[in-house]
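Novice: Construct all of the structure, not just a fragment, from the sequences and the given hints.
Chains as they are written, first to last, in the working numbering: chain S, -12 to 329; chain G, 2 to 586.
Since the hints were made in silico from the structure, they are not lab data.
One or more hints might be untrue.
[To be verified] Simulated crosslink set (EDC-like; lysine to aspartate or glutamate; CA at most 20 Å straight-line):
{"id": "1", "chain 1": "S", "residue 1": "Lys158", "chain 2": "G", "residue 2": "Glu258"}
{"id": "2", "chain 1": "S", "residue 1": "Lys156", "chain 2": "G", "residue 2": "Glu167"}
{"id": "3", "chain 1": "S", "residue 1": "Lys318", "chain 2": "G", "residue 2": "Glu72"}
{"id": "4", "chain 1": "S", "residue 1": "Lys156", "chain 2": "G", "residue 2": "Asp274"}
{"id": "5", "chain 1": "S", "residue 1": "Lys156", "chain 2": "G", "residue 2": "Asp539"}
{"id": "6", "chain 1": "S", "residue 1": "Lys190", "chain 2": "G", "residue 2": "Asp381"}
{"id": "7", "chain 1": "S", "residue 1": "Lys190", "chain 2": "G", "residue 2": "Glu258"}
{"id": "8", "chain 1": "S", "residue 1": "Lys59", "chain 2": "G", "residue 2": "Asp539"}
{"id": "9", "chain 1": "S", "residue 1": "Lys154", "chain 2": "G", "residue 2": "Glu167"}
{"id": "10", "chain 1": "S", "residue 1": "Lys311", "chain 2": "G", "residue 2": "Glu258"}
{"id": "11", "chain 1": "S", "residue 1": "Lys329", "chain 2": "G", "residue 2": "Glu258"}
{"id": "12", "chain 1": "S", "residue 1": "Lys318", "chain 2": "G", "residue 2": "Glu258"}
{"id": "13", "chain 1": "S", "residue 1": "Lys311", "chain 2": "G", "residue 2": "Glu59"}
{"id": "14", "chain 1": "S", "residue 1": "Lys59", "chain 2": "G", "residue 2": "Asp381"}
{"id": "15", "chain 1": "S", "residue 1": "Lys158", "chain 2": "G", "residue 2": "Asp171"}
{"id": "16", "chain 1": "S", "residue 1": "Lys318", "chain 2": "G", "residue 2": "Glu167"}
Note that the structure is predicted; figures quoted are calculated from it, not measured.
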Amino acid sequence: MTKLIRPALLGLAVALAATPALAADWKDSSDVKDLYEKAKKEGEVVIWAPNGREVDWIPKAFAAEWPGITVKGLGDNDIAPKIIAEARAGRHEVDVYWCSITCVQPIVQRELPTKIDWSMFGVTKDNTAFDGMMGFTNNIVYVVAYDTKKMSEADMPKTWDQLLDPKYKDKMTGSLFLMPRMISALSMKWGKDKALDFARKLKDTGILLTRAPRESILQSGERVIAAGEVDVLPKLWAKSGMPVKYVIPSPVVLGQFGGTVLAKAPHPNAARLLAGWMASKDGKKARERDNLEVDFRPGSDNPEAKAIYASGVPVIEDTVEDMKARAALYKPAADILTGQAK
Amino acid sequence: MADAARALPRRAPVAVRQQSGLDLWGRVVVVAGVAVAVYLIAAPLAMLLATALRGPVEFLPFEPGAQWTLENLVAVYTAPVLYQRIIPDTLVFVLGSVALSFTVGFTLAWLVERTDLPGREAWFTLILFPLLVPTIVLGIAWVFLMGPKAGWLNLALRALMGTSGEGPIDVFTMGGLIVCQALASVPFVFILLTAALRTMNPSLEEASGTSGASPLTTFRRVTVPVLLPGILAPLILVCLVTLEQYELPSIIGVPAEVNVFSYRILYELNPADGLPNYGGAAAVALPFLVLGIALLAVYNIVVRRAEKFVTVTGKAYIQRRLPLGRWRVPALVFVGLYVVMGALLPAAILVWASLLGYVPPSLAALKTASFAAYHRLFADPNFWLALRNTVIVAGASALIISLVGGLLGWTLLRLRFPGRTALDFFSFMSIGIPSVIAGLAVMLLYLTIPIGIYGTFMILIVAYSYRLAVSTRLAKAGLMQLHRELEEASAASGARWMSTQLRIVLPLLRASLFSSFVLLFIVGVREFTLPLILNGPDNIVLSVLLWKVFQNGDAPQAAALATLIIALVIPVVALARRALMRAGG
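Specialist: Shown next, in the form of structure tokens:
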């Protein structure tokens, strides 16, 4: 027995050693320690993202693990044109750019980010994109949120096309910004015709599509269901005291987000450390804890993600290869939802 | 005799100097003012025109790889939906809301400035309320009030009528959108009209009354014709401003399947992938320019003989107010109704939401009211930075625009020089430039010109200051009421040009300048597209903070911030109004 156990243990040790640095180990590597010392000398790092909520949590969380480096954040929907315009003018203010793969792509096309060694942060290659320029940090998942005082989980749809059930007529609200994007993503599984037909029939349910905050529509009682929201929003509403929960209908629709380091970052070492930390398991845990945003990719530690993959429901991932095809139906779906087309 | 006449030297330059009273310093000031005006407008205007013709969408307009192309125009103007839905919806929306807002706004302005309506000063500030509230917040408040299922007004009406279900009011209709937009536009019309009504010499109306004409006849045959420039300018401006509105159409219009032109701009700037389509957005904005030029041409034809509209001469007059008599109560009801719908109910919603969120009203809910949203705001250092920046940026830009616009208005009206008409149209075209294009232009300009204002609040002051159309129109309309003889008499008495302007013209133009300053201060506080584009860690303003809070899904904090914005602006408006009244304007 001892003869069997020892080689097995040895084999296990070899396998572990061959695995890229695990969450608990990567921070202890000499490369990371060296990087941290260089980053401390720089003293600060600037991160830009599409909105303020996505950066506001970072300074405190990062400082808890990497003291001595101040994080400054900026949130703006039009960050990509700003980065491009500033780069063309020779002005480089931003170190890290965090966004979805679709909004990072224009920056990548202009070769503004740089490749970094993600493996030193325990990030595997399948959690990166654009040939190592982007490290994945989290996903959005499209959900159906509901007022728990007026609806129950049993009342909620199991699949997206069940939203067309007459029992949901005049009960739903949704985002004008998100809904066409979700329908366009659904076309990857359903095909173009079914997706657009879904858009038409969804319109007929009397769904209140708006750019107004849907939580105010739910709170007022004007509607009781918010369809096609991203998971983090109902979590925030619930955290603020609203009686709201959500379900994730099938097929599961994901959006992919991550960070890039700009090639001419004014604080290159601090930038690498921040981006690497955000993509690492530690960063993902901090993001989930402090900002309620989750990594839903296969291999995630998140229980909800694990349950989805274990259930076998189809998952529509957001990949660089599928970007164009996934966005192709956005305009036709938006035209239908806004009444500009039939 | 004829030979002698032909032998005389041409005296035009001297005649102009004598007519205008311009001395050397006067010329310097005028030329500098015109140069500043041109500088402020030129970059945004050039950016708009160029961007509409640059593509493809994969490149930003200024990047290598972008080319001159008509594809943006073709894509926008050959879409059948434009002619089948968008233009008809836009026409109904604009005509409906302008007609309603102008009728209500004019009546309110006349009641406040020309009659003995009780409580005028309080009404003045309350009428401005919708202008003080960021439109997106106002839209949500009206949905909360008039939503068919759970709107407060509908709940109250159903309880009174003993009915159930939905309605009777449904805000998500074209009618609902028109009413809400009109409510939001009334203060804009009101403040522009108060300037003209305030300055008008009542002697013409008195003479009409003495001759036996009824108040209605006097109003129709004397007041309106004399006030024509002062009426037409706001009418044109409110048409263009309404045409550009996208906030209420996106909150209330789209659920009602009302698709207006301006919403296409938002659409082009939020694609599913890639960069914002600035070329498409600029192409959509071009008709605003064209319409602005056309309306201004009509305006210039109607008011071409400016001396017809003079009511302020060297002869003194006392501003008398028309006694309302038995019309006092109906007038108060009319004003009160507007104030309730436009101010008090939305204010109640905002305060309620800041303490409780958007929960339906009930005594039980009231017990859970909390000032936590205000505490969070006051504890946020960004709030205090944003407050400081907002006051500085809105105040400074309003002052610059009012003064430069006033000077430009004087130049356009009092001087004759080559290119005067072109300059007039040029200044007016600023109203047709969407904020997003202006922001892009300013960003590029000050990235290129390294004078160190990029990322500071100074760049916001410059960016906000392109809106010269309003102040120039107001100044021109105000100056049309002032007889030239006042300045000529001053010049003949030996006063220099600057002295004449400071001691005679400016005091008489006080009402117009006040309206311009207040309006532009309020617009500056509310503006969020420009500061969002030019956003940096040090130049955050309250409107951007409000946008961030909205995106964070924190409705109570957003409502609290909107309430504080109103609380900031109201004292400014009230103090400015008091200063105007004390100065006898």
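Novice: Does each hint hold? Answer for all of them.
Specialist: Verification of the hints:
1. Lys158(S) with Glu258(G): holds, 17 Å
2. Lys156(S) with Glu167(G): The given pair, whose Cα atoms are some 14 Å apart, holds under the 20 Å limit.
3. Lys318(S) with Glu72(G): With Cα atoms ~17 Å apart, Lys318(S) and Glu72(G) stay inside 20 Å; holds.
4. Lys156(S) with Asp274(G): The given pair, whose Cα atoms are some 31 Å apart, is violated under the 20 Å limit.
5. Lys156(S) with Asp539(G): violated, 47 Å
6. Lys190(S) with Asp381(G): This hinted pair is violated, its Cα atoms lying about 41 Å apart.
7. Lys190(S) with Glu258(G): Satisfied, since the Cα-Cα distance of roughly 10 Å is no more than 20 Å.
8. Lys59(S) with Asp539(G): Between Lys59(S) and Asp539(G) the Cα gap is close to 11 Å, so the pair holds against 20 Å.
9. Lys154(S) with Glu167(G): With a Cα-Cα distance of about 17 Å, the restraint between Lys154(S) and Glu167(G) holds, given a limit of 20 Å.
10. Lys311(S) with Glu258(G): At roughly 28 Å apart (the allowed maximum being 20 Å), Glu258(G) and Lys311(S) break the hint.
11. Lys329(S) with Glu258(G): holds, 12 Å
12. Lys318(S) with Glu258(G): holds, 16 Å
13. Lys311(S) with Glu59(G): holds, 13 Å
14. Lys59(S) with Asp381(G): holds, 15 Å
15. Lys158(S) with Asp171(G): holds, 15 Å
16. Lys318(S) with Glu167(G): violated, 33 Å
When held up to the earlier numbered hints, the structure conflicts with 4, 5, 6, 10 and 16 and fits the remainder.
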